Amino acid sequence: DSGVTQTPKHLITATGQRVTLRCSPRSGDLSVYWYQQSLDQGLQFLIQYYNGEERAKGNILERFSAQQFPDLHSELNLSSLELGDSALYFCASSVVAGIGETQYFGPGTRLLVL
Amino acid sequence: AQSVSQHNHHVILSEAASLELGCNYSYGGTVNLFWYVQYPGQHLQLLLKYFSGDPLVKGIKGFEAEFIKSKFSFNLRKPSVQWSDTAEYFCAVIDTDKLIFGTGTRLQVFP
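First to last, the protein sequences are chains A and B. Counted the way the working numbering counts, the first sequence spans residues 31 to 144. Counted the way the working numbering counts, the second sequence spans residues 3 to 113.
Incorrect hints may appear among the rest.
Restraint ranges, calculated between C-beta atoms of paired labels, are given here [stated by the list, open to error]:
hint	chain 1	residue 1	chain 2	residue 2	range
1	A	F99	B	F112	44 to 50 Å
2	A	G58	B	T105	29 to 35 Å
3	A	T45	B	E66	29 to 35 Å
4	A	G82	B	I62	29 to 35 Å
5	B	I62	A	A44	36 to 42 Å
6	B	F53	A	L60	42 to 48 Å
7	A	N81	B	R108	35 to 41 Å
No lab work stands behind these hints, which were simulated from the structure alone. Quick caveat, the model's predicted, so the values are computed rather than measured. The C-beta atom is built at its ideal place from N, Cα and C for all residues, glycine as well.
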């Protein structure tokens, strides 16, 4: 158990819908990262927050957004969902950010868009 | 930007065989390298990491990796695999905070 929690574990929804994925980092970690794992794209970085502020963006679609709250938990919002958004979404956290930091991963949320 | 290559996509071994999984990253300078393992249906777990110092890094469950700067490589090894090592293995490098992952190597170990 890494100490990173994610809810829900599984999510089944329809195209065009909007969902919210939630992540709670390890106690004391300020940095939260979101990754998407799919069969065709592999593991890809989406976005990073550090102490409430967006710090880095990767291959995140405009339909997707995230935020980190004052208690440091983070939410990833996915809207206008398409079949291709079906994937495993992981959250990771680290104490701070950058070189020398280790990211610890949560159990993931498996999203299925029908 | 950094990239990571894992050349072995699928490896099949018998128990007690030795394992070596290849990993190459694209450019030098200061690198932080990681191996993560994903057991079937589970999340990514850290096996080992290299930040600096001794290029031979020991991790959990008997795994080790060697950082060879001149070859841009960070290969994962285990002298004797077990059935329970069946999993997908990902090499990763830090690039400006974010992790860049390789495509993964699926390891199947048969008793």
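Going down the list of hints, with the structure as the test:
In this structure, A:F99 and B:F112 meet the distance hint of 44 to 50 Å, their C-beta atoms being roughly 47 Å apart. Judged by the Cβ atoms, the range 29 to 35 Å given for A:G58 and B:T105 holds: they are separated by roughly 32 Å. Between A:T45 and B:E66 the C-beta distance comes to about 46 Å, which lies outside the given range of 29 to 35 Å. The given range of 29 to 35 Å is respected by A:G82 and B:I62, whose C-beta atoms sit roughly 33 Å from each other.
Range check, B:I62 to A:A44: about 41 Å between beta-carbon atoms, so the 36 to 42 Å window is met. Distance hint check: the CB atoms of B:F53 and A:L60 are about 19 Å apart, inconsistent with the given range 42 to 48 Å. Take A:N81 and B:R108: their Cβ atoms lie about 37 Å apart, and the range 35 to 41 Å holds.
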